[in-house]
Amino acid sequence: MAELKYPADRRYHAGHLWAKDNADGTWLIGITDFAQQQLGEVLFVDLPAEGAHFDQGVSCADIESSKAVSDAILPLSGTVVEVNAALEHTPGLLNREPYDAGWLVRLKADDADDERTLDAEAYKALVAV
Amino acid sequence: MSVTIYTAPNCARCTILKEFLASRGEDYVAYDFLADKDIFSAFYREHRACLHRDEENSLEFPIYDDGSRVLQGIGEILAALIAGDGLAGCVGTTGLLHGWISGINVSACPAGEEEHLLILLQLLTKGGLSVHLDCDGRRPELLEKILGEGLAARLTLNILGPAEMYPDMADGPLLPDDMKRSVALARATPGAVIRFLVAAHGPAGSLRISPEQAGQAARWILELCGDRMLPVFIEAGPAGSLPALTDQDLLAYRAKVRAALVRAEINRPQQHR
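Protein sequences appear in the order of chains Z and U.
Note that the working numbering numbers the first sequence so that position 80 is 80, with each residue one more than the last.
Note that the working numbering numbers the second sequence so that position 234 is 234, with each residue one more than the last.
By construction, these hints were calculated from the structure, which means they are not laboratory data.
This one's a predicted model, so the numbers in the text were calculated from it and none came from an experiment.
We put the beta carbon where it would ideally sit given N, CA and C, even for glycine.
It is possible that some hints are incorrect.
Claimed, not checked - Ranges of calculated distance between the beta carbons of each label pair, as one might list FRET restraints: (1) Z:A128 to U:P167: 57 to 65 Å; (2) U:K145 to Z:L4: 49 to 57 Å; (3) U:E56 to Z:E97: 21 to 29 Å; (4) U:G67 to Z:A68: 26 to 34 Å; (5) U:I266 to Z:N22: 54 to 62 Å; (6) Z:A101 to U:I266: 50 to 58 Å; (7) Z:D110 to U:A22: 53 to 61 Å; (8) Z:D110 to U:D36: 38 to 46 Å; (9) U:P238 to Z:A68: 18 to 26 Å; (10) Z:L4 to U:K18: 33 to 41 Å.
Bound-form chain Z, shown alone:
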């Protein structure tokens, strides 16, 4: 089995989502390699409406796989400015490219300096337990 990856260019959350700074005031949000492996083949993603606001630690989407229906717990508080429309017909992107084409939403963050997020090493240690 291939080793799970946790790129160092983004922040992580104990809810198994990542946030990557777009350097324009918005952050891309997606699920981690660990999360996609635990979920198994993703079959459907129920994404939020653009403009919806969510607090950190709250689910912004339902991810349905053969093994589970899982919440997508946001690593940051913010307003959804874009959802990944490609997931409607190709939800398997979450499995195949969880850090790239499989992103979930783009978020305008309320507070990008949230200390409750983790760096890649800390998250890797968390899921290794």
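Given the coordinates of chain Z, work out where chain U should sit on it, guided by the hints.
What follows is chain U alone, placed relative to chain Z:
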């Protein structure tokens, strides 16, 4: 009418369905949800609202689609293909966990459907599944036949309430002799569980026995079997439109039942399911 089935890898119940369809000479197309992920994903997107998941929240396979209806779970699919709607009352959404299949209530088998139920159970057991059968005291003759043929690996006898409440709580009356026979069959079946199922019944799910009525049913069971030491469980079932029962509520039921059957214990669902 073209039939499509969706299966999972290494799925014994999917094999049972394929063999059943082949035995009837029915043409079908089969897709494995992993190997044919794009096809299954499109099907799932269209039908996800009518698909159910098991106790571990996994999607249950096989899934059957003939263009006019979507059926899911080996018990439900085979029941529909064998008997149309005839077994719908006694084969509900079948749970399937680690080789066991549940959700089949022998007591709710309609008159005239007995052979269909036996065929269903034969197919399931021949396919390697272990059947967990439910009974509420009615149809002991059919229960005896099923047990005699080795078609149930586990039995739960659910006592819904006193006999006079059965017409309102189940879909038919319960004869005292029938419960007596069912209790005897359960006692003679290794691993069988006898439980007072405190659940909501009736058309609106608004009828539930009180602790006093559970005690009344316990005295009746004692009269039928003559054994105060009969091991029985008290378990909360679906609450319907009523408030869910707390552990404290169940203590009141246990006290009333223990007045007749002294070994009554409260059961958490996962302990004996």
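Cross-check of the supplied hints:
A128 of chain Z and P167 of chain U have their C-beta atoms about 59 Å apart, which keeps the hinted 57 to 65 Å range intact. As the Cβ distance of K145 of chain U to L4 of chain Z is approximately 53 Å, the hint placing it in 49 to 57 Å holds. Between E56 of chain U and E97 of chain Z the beta carbons are some 28 Å apart, a value that agrees with the proposed interval 21 to 29 Å. In this structure the hint that G67 of chain U and A68 of chain Z lie 26 to 34 Å apart at CB holds, the actual value being about 29 Å.
A C-beta distance of roughly 55 Å is found between I266 of chain U and N22 of chain Z, which places it inside the suggested range of 54 to 62 Å. The supplied range of 50 to 58 Å is met by A101 of chain Z and I266 of chain U, whose beta-carbon atoms lie about 52 Å from each other. For the pair D110 of chain Z and A22 of chain U, the supplied restraint of 53 to 61 Å holds, since their beta-carbon distance comes to about 59 Å. A C-beta distance of roughly 42 Å is found between D110 of chain Z and D36 of chain U, which places it inside the suggested range of 38 to 46 Å.
Restraint check, P238 of chain U to A68 of chain Z: a C-beta distance of roughly 22 Å satisfies the suggested window 18 to 26 Å. For the pair L4 of chain Z and K18 of chain U, the beta carbons lie near 35 Å from each other, so the given range of 33 to 41 Å is met.
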